[in-house]
Amino acid sequence: MRTGAAIVLDTLESLGVETVFGYPGGAIMPLYDALYDHRIAHVLVRHEAAAVFAASGFARSTGRPGVCIATSGPGATNLITGIVDAMMDNVPLVALTGQVRTTVMGTDAFQEVDVAAITHQVTKRNIVVRSIDEIEVALRAAFALATSSRPGPVLVDLPTDVLRAVETTARISEPPVLRERPRADAGALDAAVAALQQAQRPVLIVGGGTRWSGATEVFRSLAARIGAPVAATLHGLGCSDPDDPAFLGMLGMHGWKRANRAVAQADVLFALGMRFDDRVTGDPATFAANAHTIVHADIDAAEFDKVKHAHVKLHGDLRETLVALDRRLARVTLPSFDAWREAACAPHERLPRDDARDGHLSATDFLDALFDALPEDAIVTTDVGQHQMWAAQRVRASHPQHFLTSGGLGSMGFGLPAAIGAQIAHPGRTVVAIVGDGGFQMSMAELATLRRYALPVKIVLIDNRNLGMVRQWQELFYNARYSATALPDNPEFTTIARAFGIEARLVDHAEAIGPSLARLLRTPRPVLLHCACYPHENVWPIIPAGKGVDDLMETVPA
Amino acid sequence: MRTVTAYDGRVLARIIHLAHRFGCTYTSVAAKHTGAVYRMELAFAGPGDALRRLDAQITKLLDDDRETME
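Top to bottom, those sequences are chains A and B.
Per the working numbering: the first sequence ends with 558, consecutive numbering throughout.
Per the working numbering: the second sequence ends with 628, consecutive numbering throughout.
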């Protein structure tokens, strides 16, 4: 007869879980005892926040649920940011938390926290398991719910006495029954086709829903059939072939001017698996103001008309919706959008940039060279800030699972642990974590995790000795009053990396970019490349928050 | 007034938090546990757009609540 902890692990294994990310502690000890000789591999991180981000990186790079484990109290609360991050970015995630004994719950016991109450608003569901008989049903429901419809996080809280209990009879629970997914209405599909037939300047916006519904190939086929220009949200990057001449690049606050301009000029807009985030729309009233028809496709009906009114609503799984749309389009004749597409795509447009001064290394020069050098199937993670936007502008992801970034929540400290999760999931692939000096200092204890598991993650540290994005906004919008953004006292990062047993090198001038990149990419071990960059380089273009494309800035106003 | 049913009684708390997040208030809330579900009667006041978005989110919450339970 098994313990509750053994049932947890056996159930996880039966659900296809091979690796979990976690950090032990008192209430979760029975589960760690069971892990001691179980087939499921456990990756020990150095902070629970890294466990949830690593699980997120695993999930984002595979499409399968990531699993993280923490103990009760502070262990559980340290997961919260990553759980919210997964909720915002629709990441299928199952968080397992230890809990104090059921007999003392509610007595303010040591390391007791009502994590179910805390996470209720930021999970698809959370389940407090109160008896050994509930474990398997709870876990199966958690996995089903995390991956169903619009994916997201589910938390399962496991009291220590439930984990230690011994089953009296072996049970086999039935797989949970999921409700039928909604399908886009036939009339709405016909209306979408009709809108395209009458369009003169259509634009497709592809978002993260394409990634989670596995619709990348279908989307590419559909886009090729339509022949309209395509813009991507941050999470839609990789859905289009980066070499497709119809691809405009990322749109939004730091998107390509041509992408924002095309959306502004569009008469028909197809918004596919995207949610009109404020970093995309700026001012919703002026966003796509010339579009007489907006077609919005999404699995989540609550997204319709939330920010931007859609004239045609395609409610359903995006992949099924696109397949249905493609079938209809195959039976009709569309006008040619060649002239519009060629005008919109402006192939000679270049991203505006600041020149690095005083012999400093330019971060954008370095990232241009990095993306030119990466193999096609490389997985890139980022932290949050300027380097994230520079990377998003330049990344040449051939699949959305190749570019992992914290979009909705914008969680600093995401990049390195997410890379750990991605490298665990894809041991043979090149995984690069592009991080800033601010975010790296929130997660650099995970160098120890790289070392322990010999994960050959390549860390590219874009160090401008500033919290760069906040500094940029202070320069542009707060009269250059640089409050708490300078980091002149950054540590010696190469020394820190070496102290963890990680190879590290410094690059601080343009001539060293090529050789340092070549060495970075051929190193089969974890390695850190410290890029000491010009501190005042800004991300251009920028559309100020709440503004429209007409307010786009390409340099600091004189 | 909107009448809804939920398997997880805590959904009511979540709805109330959402209402406040959207700048709405509840004018009347009644809940009763009957059998396997909670039956709730809810009435909210607030700006029209916020009420519309709240209504959509309540529907989504209840959809997730029903998933795997029916």
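Mixed in with the good hints there might be a few duds.
Unchecked claim - Restricting the straight-line Cα-Cα distance to at most 25 Å, the calculated cross-link-like pairs of lysine-lysine (PhoX-like) are:
#, chain 1, residue 1, chain 2, residue 2
1, A, 547, A, 308
2, B, 618, A, 306
3, B, 618, B, 590
4, B, 618, A, 308
5, A, 547, A, 306
Think of the hints as simulated: they come from the structure by calculation, not from any bench.
Treat the numbers as computed from the prediction; the structure is a model and nothing was measured.
Do the hints match the structure? See the list:
no., hint, result
1, A:547 to A:308, "15 Å, holds"
2, B:618 to A:306, "13 Å, holds"
3, B:618 to B:590, "21 Å, holds"
4, B:618 to A:308, "18 Å, holds"
5, A:547 to A:306, "18 Å, holds"
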